[in-house]
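K.L.:
Take a look at the letters that make up each chain.
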Amino acid sequence: MPRDLDQGRIVIVGASLAGLRAAETLREEGFTGSLTVVGDEPHPPYDRPPLSKQVLLGKAAADATALPARRGLDADWRLGVAATGLDAAGKRVLLADGESLPYDRLLIATGTRARPWPDPAQAALDGVLTLRTADDAARLAERLAAGPRRVLVIGGGFTGSEIASACRERGIEVTVAERGPAPLVGALGGTLAKLAAGLQRAHGVDLRCGVTVTALRGNGRFTGADLSDGDRVDADVCVVAMGAVRNTEWLADSGLAAGRLGVACDAGCRVFDAYGIVTDDVFVAGDVARFPHPLFEYQMLALEHWGNAVAQAGVAAHNMVSPGPLRRPHLAVPVFWSSQFGVNVKSVGVPSFSDQVVIAQGSLGERRLVAVYGYRGRVTAAVTVNMAKWLEHYQGLIETAAPFPPGPGAADGHPLVTEFPVPSNVPDPRGLLHGPTVALTGHLPDRRLTLVRPGG
Amino acid sequence: MRIVVDLTRCQGYAQCVFLAPQVFELHGEEALLYDPDVPAGLLDRVRQAAAACPVQAILVGEQVRADAP
Numbered sequence: 001m002p003r004d005l006d007q008g009r010i011v012i013v014g015a016s017l018a019g020l021r022a023a024e025t026l027r028e029e030g031f032t033g034s035l036t037v038v039g040d041e042p043h044p045p046y047d048r049p050p051l052s053k054q055v056l057l058g059k060a061a062a063d064a065t066a067l068p069a070r071r072g073l074d075a076d077w078r079l080g081v082a083a084t085g086l087d088a089a090g091k092r093v094l095l096a097d098g099e100s101l102p103y104d105r106l107l108i109a110t111g112t113r114a115r116p117w118p119d120p121a122q123a124a125l126d127g128v129l130t131l132r133t134a135d136d137a138a139r140l141a142e143r144l145a146a147g148p149r150r151v152l153v154i155g156g157g158f159t160g161s162e163i164a165s166a167c168r169e170r171g172i173e174v175t176v177a178e179r180g181p182a183p184l185v186g187a188l189g190g191t192l193a194k195l196a197a198g199l200q201r202a203h204g205v206d207l208r209c210g211v212t213v214t215a216l217r218g219n220g221r222f223t224g225a226d227l228s229d230g231d232r233v234d235a236d237v238c239v240v241a242m243g244a245v246r247n248t249e250w251l252a253d254s255g256l257a258a259g260r261l262g263v264a265c266d267a268g269c270r271v272f273d274a275y276g277i278v279t280d281d282v283f284v285a286g287d288v289a290r291f292p293h294p295l296f297e298y299q300m301l302a303l304e305h306w307g308n309a310v311a312q313a314g315v316a317a318h319n320m321v322s323p324g325p326l327r328r329p330h331l332a333v334p335v336f337w338s339s340q341f342g343v344n345v346k347s348v349g350v351p352s353f354s355d356q357v358v359i360a361q362g363s364l365g366e367r368r369l370v371a372v373y374g375y376r377g378r379v380t381a382a383v384t385v386n387m388a389k390w391l392e393h394y395q396g397l398i399e400t401a402a403p404f405p406p407g408p409g410a411a412d413g414h415p416l417v418t419e420f421p422v423p424s425n426v427p428d429p430r431g432l433l434h435g436p437t438v439a440l441t442g443h444l445p446d447r448r449l450t451l452v453r454p455g456g
Numbered sequence: 001m002r003i004v005v006d007l008t009r010c011q012g013y014a015q016c017v018f019l020a021p022q023v024f025e026l027h028g029e030e031a032l033l034y035d036p037d038v039p040a041g042l043l044d045r046v047r048q049a050a051a052a053c054p055v056q057a058i059l060v061g062e063q064v065r066a067d068a069p
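Residue numbers (our numbering), protein chains in the order written: chain A, 1 to 456; chain B, 1 to 69.
Since the hints were derived computationally from the structure, they do not count as laboratory data.
One thing to keep in mind: the hints can contain errors.
Stated by the list, open to error - Computed footprint of chain B on chain A, listed as stretches where at least three residues anywhere in the stretch have a Cβ under 8 Å from a Cβ of chain B:
1. 117-131
2. 201-209
3. 317-329
4. 380-391
Claimed, not checked - What follows is a set of in silico ranges between Cβ atoms, one per label pair, in the way DEER data are often shown:
5. B:D6 with A:D135: 45 to 51 Å
6. A:D226 with B:D37: 38 to 44 Å
7. A:G365 with B:E62: 42 to 48 Å
8. B:A52 with A:A215: 52 to 58 Å
9. A:P42 with B:A52: 34 to 40 Å
10. B:E62 with A:T84: 27 to 33 Å
11. B:D6 with A:P118: 34 to 40 Å
12. A:G90 with B:A52: 38 to 44 Å
13. A:R260 with B:Q22: 40 to 46 Å
14. B:A52 with A:D273: 47 to 53 Å
15. A:R201 with B:L26: 31 to 37 Å
16. A:N219 with B:D6: 43 to 49 Å
Ideal Cβ placement from N, Cα and C applies to all residues, glycine included.
Chain B extracted, bound-state conformation (with noise of 0.2 Å):
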């Protein structure tokens, strides 16, 4: 499972942090840092994550795949 976070969008309001601090982390006090592939145990929590964001900045969903056809 992947993520990504719009950061357009992202103003720091840090709720992911608390909900997955595993995957998101701030740099400073308000740039987020996250690792864009989410280990299977911390899908639920990102996935409250994304829910809780007041900005709704951020996106879960498969890898893309690019099998060649």
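One chain only, chain A, in its complex shape (with noise of 0.2 Å):
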């Protein structure tokens, strides 16, 4: 490393994996200079995935998801106070306490927030909840600990899913409302989703698809919900699960291409000022990001995966210490995974990047396939149900951009388990009561349509 490189000051905005990964990666790779890392809640990076699955089991405590450090990072943390600005010519990160922290190079990881129901009188009733963080996560534990008569989930993502499937398991009546076909289907397109919906219903789920929850009643606490089909559910708690918003809003004046759908940035971590122009000193990783993917079609995507996280926050820490040529793209395959109602669903790929969907191994009936995605005859994705060992396979599939459907041979030499591929149903995400986990931030694949929308 070049020693103008290994010294000066970086300043980390947001201290949850991506940040801790990169701030690990920055020591690792040599980095000697002063190392400052702010997060807007009180607590040392966590894990999230424990926080809807363990933790609303009753399995572990939500502060007990506290992440380990593979070393010493050395670093100045400034935690329990926000970025409220970027002053970029200037080199400052503002901070909610007044205060600003000068930079030589900035890493933003600010990543995204859970979506609030849009109304505050109604959001502020006593058990109306959300879940994003470990504070959110011991709150509805608790309640759920206390022995609700119901709770209504609002969206039926993987949040609101991991919600209702925990719901199931310690035997309370749950009853999700999901604005779109079926639950995940912005995860997996409205194919593969009949199958989430029949897991849920299997389980007990009072699962109502195609309506829309129009009101939050209760007089100081929560009682029930309106839903626009004229029915009313009764329940004691509710989650708002309906996605997440990305933390762009302290960038507005920074002249960065900051907004809605991201901070957006080139292969290499380095973000795009407002003009398209590339900044050599401000990085971006993890849910926050928007980046170009070749393996699609350069399609500008937003992930909010883990490992998505710890990859890009590597890459992003390397090239903030290294020359030009040195540099590193960030290229993963995007992976992501849930459990939920006894299954284990993986993905590799983007699925919401499709056209159509083909059964390859395994079946409906078993719950335990693999489905295979393919956009204009090549394979875009997998998505396996209790089948993880076979994701590598597909991955490579993936990456060497093969044909679909895959032929004979594709899985292991057993023939396709369904010869005709289907449509996968891919919906507009705007009609989405959750945000899908994978945004696919410029168009649809088969549609070339921008998809920007003014205000909130």
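Combine both chains into one complex, guided by the hints.
P.N.:
See the structure below:
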């Protein structure tokens, strides 16, 4: 590393998984300068996936998911204080406590937050919760332990579905209200989402699809909700699981390409300014980043995936301390997982970047399958249900742009289970109640449509 | 001592479940649950589990100390 890059001041805004892994990588690669990590929550970095699983099942405490560090970081942690602005010309991060932090290089890793219920008075009812932070998880776990008569979950994305699964496992009645035609439709497409709907109903979830919640009711305490079909759900607890909002407001006046879709960057995690010119001292990683991916036609992707936060943080940190020719691109194939209703769902590639899907192995009936997704004759994703060992194989097909539907031998010599691909029925994300975990932030694959939406 | 399992890598081989069942359990056929906060008495078992994992998905380390400066 050249002398000037291993010294100086680096500020990381965001003290979660991506921020932590970037800090580790910076030190591992020999950065000896000053390192400051800013986080708006008072907690040191913690892991989120257990919050909707172990914690809600009562198997782990919400405050026990603090992340391990691979090494000492020698960092100045500024926790419990939010960044409120960025003076990019003056190279300073402005903090909520009035201080400003000078930097030579900056990493933005501010992630996302839970989308709140839009009506503040209804959202303030006792018993109306969201699930994103450890504190949220502690509150919800406490409510579930108290044995509510019914829980209403608004939104059938991964978070909503995992909450519903935990409720059923604890013997709690639960209603899921989903605006789309099935749970997980944004992540898996409408065809495979039928499996998710079947799983929920088989486990006793009162699943309502194609409806929206029009009002939360209660007098101080939440008692129930009105649905758009005229029905009413009586419940003691309401979890608003309508997806995530990217934390970019603090960058509004920064002159960077930051907005509701995320912070745009090149394949090396260098942030674009508002004119689309790449900066050389501001980097971004994790849920808040949107970046071009060559496997998906350079579509700008924003991924709310654990693995992406780790991989992208590693690349960003490496590039922050490396001269141009030694910089690396972030080309990891997206992977996500969920466990719910007794099955393990894993995905590689981008299922929403597809027009067709085929069941390559297993079957819906067995609840053990591999679904392979294609776009214009090329494999772009695979989803496994209780067949995770196959994921790597299909990742190879995606990386080599193998033809879709996969030919004989693609499933380890087995013939494909279904001969004919069917439409994957990926919905327009604007029609979903929750956000999909992969946001195609440019256009849908089958429609050259730019998803720009003014205002909140 | 804290652990985190990279469930992106985890393929449900369950070596960890055999070695340290107090910390790791399978939920259904192949979804792994674990206690991120390892009791001191189980540290050796968890280190063995981390070493035995065929996909090296278990990271053992100290919790990040973020004391105010």
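K.L.:
Take the hints in turn and mark each one as holding or not.
P.N.:
Hint check results:
1. Here's how the stretch 117-131 of chain A fares: 0 of its residues keep a CB closer than 8 Å to some CB of chain B, so the rule of at least three is not met and the hint is violated.
2. Remark: the stretch 201-209 of chain A is not confirmed as covered by chain B, as 0 of its residues place a Cβ nearer than 8 Å to a Cβ of that chain, below the required three.
3. Taking a C-beta to C-beta cut-off of 8 Å, the stretch 317-329 of chain A contributes 0 residues in contact with chain B, too few for the three needed, and the coverage statement is violated.
4. Coverage of the stretch 380-391 of chain A by chain B holds [criterion: at least 3 residues with CB-CB distance below 8 Å; count 4].
5. At roughly 25 Å, the beta-carbon separation of B:D6 and A:D135 lies outside the given 45 to 51 Å, and the hint is violated.
6. Hint check: A:D226 to B:D37, Cβ distance near 42 Å, so the stated range 38 to 44 Å holds.
7. A:G365 and B:E62 have their C-beta atoms about 47 Å apart, which keeps the hinted 42 to 48 Å range intact.
8. In this structure, B:A52 and A:A215 meet the distance hint of 52 to 58 Å, their C-beta atoms being roughly 53 Å apart.
9. Range check, A:P42 to B:A52: about 36 Å between beta-carbon atoms, so the 34 to 40 Å window is met.
10. As the Cβ distance of B:E62 to A:T84 is approximately 32 Å, the hint placing it in 27 to 33 Å holds.
11. The hinted window of 34 to 40 Å between B:D6 and A:P118 holds, with their beta carbons roughly 36 Å apart.
12. Taking the beta carbon of each, A:G90 and B:A52 are about 52 Å apart, not inside 38 to 44 Å as hinted.
13. Checked against the given bound of 40 to 46 Å, the beta carbons of A:R260 and B:Q22, roughly 45 Å apart, stay inside it.
14. The hinted range of 47 to 53 Å is satisfied by B:A52 and A:D273, whose Cβ atoms lie roughly 48 Å apart.
15. The given range of 31 to 37 Å is broken by A:R201 and B:L26, whose C-beta atoms sit roughly 24 Å from each other.
16. Distance hint check for A:N219 and B:D6: the Cβ-Cβ separation is about 46 Å, which falls inside the suggested range of 43 to 49 Å.
When each numbered hint is compared with the structure, violations occur for hints 1, 2, 3, 5, 12 and 15.
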